[in-house]
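Visitor: Sequence:
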Amino acid sequence: MAPSKAETPQETIHVELGARSYDILIRRGLLKDIGAELTRLRCAGKVGVVTDRNLAGHYLKPVTRVLKAAGYTVVPIVLPPGERTKTLRAISTVMDALVNARFERSSTLLALGGGVIGDITGFAAAIYQRGISFVQVPTSLVAQVDSSVGGKTGVDHPKGKNLIGAFNQPRAVFIDPATLRTLPPREWVAGLAEVIKYGVIEDQAFFEYLEQYMGPILKLDDGPVAHIVKRSCEIKAQVVSEDEREADRRRILNFGHTIGHALESLGGYRGLIHGEAVAVGMVYEADLARHLGHCDQDVVTRVRSLVEAAGLPARLPNVTFSALWNAMQQDKKVSAGTVYCVVPDRIGSVRVVPLAKAQTRTWFEAVRVREAGLRTVKKKRSR
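Reading the sequence shown from the start, the letters are residues 1072 to 1454 in the working numbering.
Keep in mind that a hint or two might mislead.
Here are the simulated DSS-like pairs of lysine-lysine, each with C-alpha atoms no more than 30 Å apart in a straight line [said to hold, decoys possible]:
#  : residue 1 : residue 2
1  : Lys1290   : Lys1132
2  : Lys1230   : Lys1301
3  : Lys1139   : Lys1103
4  : Lys1290   : Lys1103
5  : Lys1230   : Lys1428
6  : Lys1290   : Lys1301
7  : Lys1301   : Lys1404
8  : Lys1403   : Lys1230
9  : Lys1132   : Lys1301
10 : Lys1404   : Lys1230
11 : Lys1428   : Lys1403
12 : Lys1132   : Lys1117
13 : Lys1428   : Lys1404
14 : Lys1132   : Lys1103
15 : Lys1117   : Lys1139
16 : Lys1117   : Lys1103
17 : Lys1230   : Lys1103
By construction, these hints were calculated from the structure, which means they are not laboratory data.
Full structure from sequences and hints, please.
Guide: Here's what the structure looks like:
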């Protein structure tokens, strides 16, 4: 598929989950039709638009205007931006707004924002009056290609990411790729980590596409951007349809996240943002896979090279093994005290393996020795 700046027609991707099935709609300009889309879903009455202060400046007024024109009573709920908002306190704020506005079970929540807003909104919808409808309107790349699809909702605990939450599928996901142009550059680039993930776990041809067209993608060329959003959603939808509650196959979506979530937690959600942490996690989980004998060095090299080509961080921060291991043990993917990690066999194929502490420590220490040696060589060359 060659890069193109042509306008893209609407794409519809179905997430098959029986009575909980829904569609992902992707179309430039879709934001202007949100009112009509909610009417098509037979939503009625009040709509709570949950967003953050940054997004409110771009989209809250136009979305409110469109919804009111379609006959809805709109209740804006504006939260602070960033991962540190993803707490039970934010859920309480949303609950207060819904109670004060006398929301009923027939009311709807609309998540207008990135992954944090989507997770908070979905969880709030799951618990208010034992469940009301919600729709996802993701505006960040991470949310469009990953977090808005699949029904994982929740908030963080100080000791671990996403430890409090519920599976709650949206009524629909409405993606307008035009919203990506208002993203800060750091957020846009960070979202590419989740896109790269899909190539590693499921689609070698997609990984090769990213290797070939990363330049146009970084320039936000319409054709390549539309393609990566669509293909990422297709892969996510297929995996979720096969394993809604992460009993088995869905676990492959956690590639890069065992180390990545640990790094986010260790940084107090003030350092690496989610996509950056996942990028580092993918590089080092691939290297761990090589150490364990699951893949060869070429896989590690290609993953690192693509991460770097996207402008993402690819080096492990200055953390100790004990700190990293302890943070990994707080992850929700731990089972019976065992840390599990997704590792590649090759580009396009991964497996889930248990990690032994001693073996992982040996790998970690070897990484530190190797990287210290590389830094020494670079210093000598720079003299």
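Visitor: Each hint needs a verdict: does it hold in this structure or not?
Guide: Okay, the hints, checked on the actual structure:
The straight-line distance between the Cα atoms of Lys1290 and Lys1132 is roughly 28 Å, inside the 30 Å bound, and the hint therefore holds. A C-alpha spacing of about 34 Å is found between Lys1230 and Lys1301, which places the hinted pair above 30 Å, so the restraint is violated. Distance check on the hinted pair: Lys1139 and Lys1103 sit about 12 Å apart at the alpha-carbon level, within 30 Å; holds. Pair hint Lys1290 plus Lys1103 holds up; C-alpha atoms about 25 Å apart against a cutoff of 30 Å.
At most 30 Å may separate the alpha-carbon atoms for a hinted pair to count; Lys1230 and Lys1428 meet this at roughly 20 Å. For the suggested pair Lys1290 and Lys1301, the alpha carbons sit about 18 Å apart, so the restraint of at most 30 Å is met. Restraint check for Lys1301 and Lys1404: satisfied, since their Cα atoms lie roughly 27 Å apart, inside the 30 Å limit. Distance restraint check for Lys1403 and Lys1230: the Cα-Cα separation of roughly 11 Å lies within the 30 Å cut-off, and the hinted pair is therefore satisfied.
Proximity of Lys1132 to Lys1301 is assessed by CA-CA distance (about 28 Å); at most 30 Å being required, the pair is judged to hold. The straight-line distance between the Cα atoms of Lys1404 and Lys1230 is roughly 14 Å, inside the 30 Å bound, and the hint therefore holds. Note on Lys1428 and Lys1403: the hinted pairing holds, with a Cα-Cα distance of about 17 Å set against a maximum of 30 Å. Distance check on the hinted pair: Lys1132 and Lys1117 sit about 16 Å apart at the alpha-carbon level, within 30 Å; holds.
Of the supplied pair hints, the one linking Lys1428 and Lys1404 holds, its CA atoms being roughly 16 Å apart against a limit of 30 Å. Our distance criterion of 30 Å between C-alpha atoms is met by Lys1132 and Lys1103, whose separation comes to about 12 Å. A hinted pair counts as satisfied when its Cα atoms are at most 30 Å apart, and Lys1117 with Lys1139 qualifies at roughly 10 Å. Taking the CA atoms of Lys1117 and Lys1103, the gap is near 18 Å; set against the 30 Å cutoff, the hint holds.
A distance of roughly 40 Å separates the Cα atoms of Lys1230 and Lys1103; the hinted pair therefore is violated under the 30 Å criterion.
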